[in-house]
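One line per chain: the protein sequences are V and C, in this order. Quick note: the first sequence uses the numbering used here, first residue 1, plus one each step. Quick note: the second sequence uses the numbering used here, first residue 769, plus one each step.
Bear in mind the hints are in silico, worked out from the structure with no lab data behind them. Be careful, since some hints might not be right.
Pairs of lysine-lysine, DSS-like flavour, derived with a Cα cap of 25 angstroms [said to hold, decoys possible]:
1) V:K193 <-> V:K322
2) V:K67 <-> V:K15
3) C:K859 <-> V:K15
4) V:K699 <-> C:K886
5) V:K177 <-> V:K193
6) C:K841 <-> V:K132
7) C:K841 <-> C:K853
8) V:K317 <-> V:K449
9) V:K439 <-> V:K449
10) V:K699 <-> C:K853
11) V:K510 <-> C:K886
12) C:K859 <-> V:K510
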Amino acid sequence: MSHQEHRPNTEGKYKWIGTRPDRPDGADKVTGRARFGADFNLPGQLIGKVLRSPHAHAVIKSIDTSKALALSGVKAVITAKDFPDQPNLIVPTGEMQVNMRDITRNIMAREKALYEGHPVAAVAAVSEAVAKQALALIKVDYKVLPHVIDVAEAMKPGAPILHDHLLTEGASPPATKPSNIAKRIEFKKGDAKAGFAQAEVVIEKDYTTQAVHQGYIEPHATLASAAEDGQIQVWSTTQGHFQVRGFCARLLGVDTSQIRVTPTEIGGGFGGKTVVYLEPLAMRLSQKTGKPVKMTMAREDVFRASGPAPGGNVKVKIGAMKDGRIVAAECIVEMQAGAFPGSPVGPACMCSFACYDIENVYIEGFDVVSNRPKVAAYRAPGAPISAWAVESTMDILAQRLDMDPIDLRLKNAAKAGTKTAYGVTFNTIGMVETLQAVKDSEHYKSPVKPGWGRGVAAGFWFNIGADSSAASHVGEDGSVTVISGNPDIGGSRASLALMAAEELGVDYNKVRPIIADTASIGFNFVTGGSRVTFATGLAVVNSVRDMIRELKVRAAKIWKIDPEAVIWENGMAKPAGNQVGTFEPLSLADLAAQAGRTGGPINGHAQLNVTGAGPGFGVHCVDLKVDDDTGCVTVGRYTAAQDVGTAIHPSYVEGQLQGGAVQGVGWALNEEYIYNAQGKLENPGFLDYRMPVASDLPKIETILVEVPNPQHPYGVRGVGEVPIVPPIAAVGNAIARATGVRMVDLPMSPPRLSAALDAARPRRMAAE
Amino acid sequence: MAKIHVNTTINGAPTEFLCDANQTLLDVLRDNLGLTGSKEGCGSGDCGACSVTVNGRLVCSCLVLAPEAQGMKIETIEGMAQGDKLHPLQKKFVEMAALQCGICTPGFLIASKALLEKYPNPTEDEVRYWLAGNLCRCTGYDKIVTAVLDVAADMRGSAR
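Using the sequences provided together with the hints, build the complete structure.
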């Protein structure tokens with residue numbers, strides 16, 4: 001058995017919270033019954049396919065669709081002309097923001113194709129085979145332009161410009177000429193210059209990272225059915241069906257009420273399914289043909305044209321006193337946005353030093369466009385990139401000062417009252433407790449095997465709240481349905497049902513959690529930002545409380561007493577105050593049976609904008625060895641600790657830590673987008689884009705440190721994103737300690753690592 | 769081109785279908801027969817989400833041409849539970865939270881069943897290498913491997 005440590009802060013306080021029951025959708029998901037995006041079909045449906053640009057950067061001079069349309073079995077062909085242009089309007093997508101003007105150009109290239117794989121046309125035909133034939137008959141006249149892939153190159157004067165309208169926002173002096181630098185941001189605290197002047201030790205280092213993909217196993221898929229009266233139904237694998245509705249309403253120019261989006265089960269997203277790609281195309285094709293249109297992406301399309309997380313360049317400088325106290329820190333991040341502005345450079349900057357209490361900080365960030373697919377969110381977007389650089393530099397500092405890496409971090413750890421460089425002052429947080437948990441772990445106390453290296457790194461993520469709606473219904477027999485609107489991407493049905501059962505005082509199995517479509521529940525923001533168990537959980541709790549209030553009114557009516565004199569306890573209404581013991585308690589079933597006579601159905605509902613998300617901190621520790629000849633890394637032991645608030649369903653919290661850690665290990669060791677000289681992606685498949693497999697990994701041990709969030713009734717903190725922040729640097733630090741070679745470029749893949757080992761060989765031999 | 773008539777057995781039931789010569793077994797299972805439990809994650813045999821067994825041998829159904837199913841016995845995720853009784857692997861995966869999103873789960877279950885039929889007493893390393901053809905992006909594999917080892921122990925009747 002893998003070692004999993006849970007340190008509950010709520011021992012004995014709860015009946016259901018903190019237990020590990022079967023998830024409500026478990027049977028469906030182990031039998032193949034659960035229906036994911038590509039599993040939906042309608043009678044008479046057409047198959048939609050996308051024609052994608054073969055060029056990284058090209059003007060679209062003309063598109064001739066006549067031959068494709070003439071092919072038997074082809075029902076419609078669409079291009080950008082089939083979508084109204086959009087205003088310069090910023091809208092939120094999960095934790096990132098996008099411009100409507102850009103979204104419509106990303107779903108279908110308008111003036112120019114901006115990356116290889118950029119959609120330029122789409123067809124709907126009676127079969128996939130016919131649709132593919134039709135794509136080959138569409139004639140696009142391109143004028144190929146010089147392209148730019150690399151961020152540093154894209155920032156240089158004279159680089160090929162992607163958008164003639166793009167002037168650097170935040171530039172000083174104000175920009176007057178178009179640039180690929182969409183935005184410059186900075187965060188300041190204290191006086192970094194003075195801090196560095198005072199420092200006894202200064203470490204400075206430059207790092208690079210490559211674009212990586214979220215790597216969800218389920219490709220994007222959608223089915224749209226538009227009726228003649230303008231109503232449209234959509235089934236889509238998405239992290240936010242309300243987001244799909246909102247975006248598509250704008251992109252198609254129809255009311256949101258005309259569009260009903262049903263979320264299918266979702267086969268992974270990690271942030272990459274918070275935007276739209278196929279949905280507006282399928283809807284438009286369905287409008288044009290009057291038939292349902294199904295569209296799916298091939299894996300190659302997923303890599304070329306959806307989601308990646310950005311790569312970037314990071315400069316870090318840390319100044320400290322000899323006792324380890326950090327007195328100044330600086331971080332400069334240049335980040336890929338892809339073809340349109342909007343990289344997560346903001347959060348990358350804000351998270352960079354958030355683990356530490358530092359007096360003098362300067363952070364600067366650049367959002368840079370280049371001829372790559374538009375980046376999407378990926379689990380703590382931006383944070384792993386700056387953390388890789390900062391936490392590697394922290395390790396160098398620990399080595400320089402000959403300090404234990406955890407002690408160095410403990411000396412500088414952020415606590416309640418610490419003011420971050422981005423202005424927020426922390427409430428109750430668990431950075432110290434999490435560091436201490438790793439320090440006290442059996443793993444950290446065990447000796448490092450000869451020839452192996454042990455790396456430690458920390459990470460931070462804000463977590464978010466935002467808009468959630470929920471409803472609770474009592475059935476005629478007293479069992480309960482809890483309705484919310486966030487796709488369940490990793491067991492959230494279980495956590496919502498556990499909180500509802502706890503609140504209501506009924507058996508977990510009496511509560512059925514349902515995820516409703518956009519027409520059947522109020523607005524819910526995306527499943528993202530580690531928000532569902534926290535924010536939608538709060539909406540569920542409030543909806544249950546609303547229902548309990550009504551249940552007490554009904555009991556009072558039956559007993560002919562004041563509702564104030566009724567309490568709700570263990571799933572029953574009981575008379576209280578001077579009425580104690582006057583009447584037999586009434587159960588949910590009793591009250592449900594009499595509902596018709598006491599005022600009708602008994603429901604509760606809640607809708608709120610949730611604030612007070614508790615930030616999370618993670619500390620990871622990894623033991624590994626490096627093959628001196630091949631540069632291949634073997635990870636031997638891994639422990640992930642995190643302040644998780646309250647672990648509502650500990651197994652799924654552990655799962656978040658384990659999954660995030662492994663994605664981070666992949667990011668560290670193997671994953672990268674590789675472009676050739678023509679700006680074409682060379683590894684758009686799982687064979688050449690190498691994600692971790694079971695045999696690459698050891699057990700992933702977890703330590704759940706419960707530091708409850710004071711701003712949630714059950715102390716919930718988001719847990720999903722933090723775990724991907726520390727692993728990259730933890731791996732790099734372990735490699736440095738195993739080999740004496742400090743890697744600064746990702747991924748630390750066998751070719752890159754063996755080259756670094758070769759280069760360092762004379763020095764390493766001299767050292768021996 | 770004329771369709772090809774194929775006679776096969778799927779999950780114990782004699783099944784016939786018409787397919788194109790270039791159709792994969794996965795496409796026929798999903799599109800012709802409505803057995804959508806097998807998933808397409810890559811279409812190139814790299815992710816294992818479409819795992820089925822053909823005459824007991826574990827394969828990626830996206831790499832098998834449908835006409836090759838002629839006379840074969842195919843087992844898919846839809847045939848794993850017996851009536852209303854989940855297979856011990858299915859039960860354990862749910863109990864131990866060995867899935868998060870669930871898209872890879874049918875493939876892992878089919879692959880794990882094939883493993884335990886061939887090697888009822890695998891080591892952790894053997895489980896990890898056997899399952900290396902199945903990608904999971906959510907779990908980090910820990911709970912999957914633990915669940916398979918637990919079921920192996922249970923099925924051997926030796927409590928761990």
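- Tell me, in ascending order, the numbers of any earlier hints that this structure violates. The structure breaks hints 2, 5, 6, 8, 10, 11; every other hint is satisfied.
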